[in-house]
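Q: Sequence:
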Amino acid sequence: MSLDQLIENCKNNDTKAQGELYKLFSSKLFSVCLKYSRNYAEAEDNLQDAFLTIFNKIEQYKHKGSFEGWLKRITVNTVLQRYRNEKVFDIINENSVEDSEVEIEEETLSIDFLLQVIQELPDRYRLVFNLYVLDGYSHKDIAEMLSINVGTSKSNLARARQILKQNILDYKSAQSVQSL
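The opening residue of the sequence shown carries number 1 in this note's numbering; numbering runs sequentially from there.
Simulated from the structure, these hints should not be mistaken for lab results. Each statement offered as a hint is correct.
Simulated crosslink set (BS3-like; lysine-lysine; CA at most 25 Å straight-line): (1) Lys23 / Lys57; (2) Lys11 / Lys23; (3) Lys57 / Lys72; (4) Lys62 / Lys23; (5) Lys72 / Lys16; (6) Lys72 / Lys28; (7) Lys11 / Lys72; (8) Lys11 / Lys64.
Work out the full structure: start from the sequences and follow the hints.
A: If you want it as structure tokens, here you go:
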């Protein structure tokens, strides 16, 4: 069955087609959920919520642009919806933002470690960091998506980078001590 036919069948609430669509895209969308979630279990819950939203809104897909891109956008928005109503974002004066870059030496850090330290960030920092650094959204876009101001987005990104840098330095320091 072609992807277009699968989409049309899902629009008609065909549960078999919905199951096929889930099998086809769940692993890719799970990686999106994992990026924005605190942990694996929350990512699983977010994936289920995202698919419920996808199936409820699939009739809105008009076959313009990438279907996978549409799915990812729905997934990101579904995950972010969890945080929009929570008061996880600090209101910051835009002039107090200090941005810093984190330099990472590739040879010592695994992807699993990096994912872990990103997931351990407080919600407000993790969400902004992922949207800006990993997905390439602008601070203006992030501010609109999360209902915060641009200064808050910039501040939360700077703080996320500081925390990540400190966690990486602590990890490297611990690795150095162990190798002695």
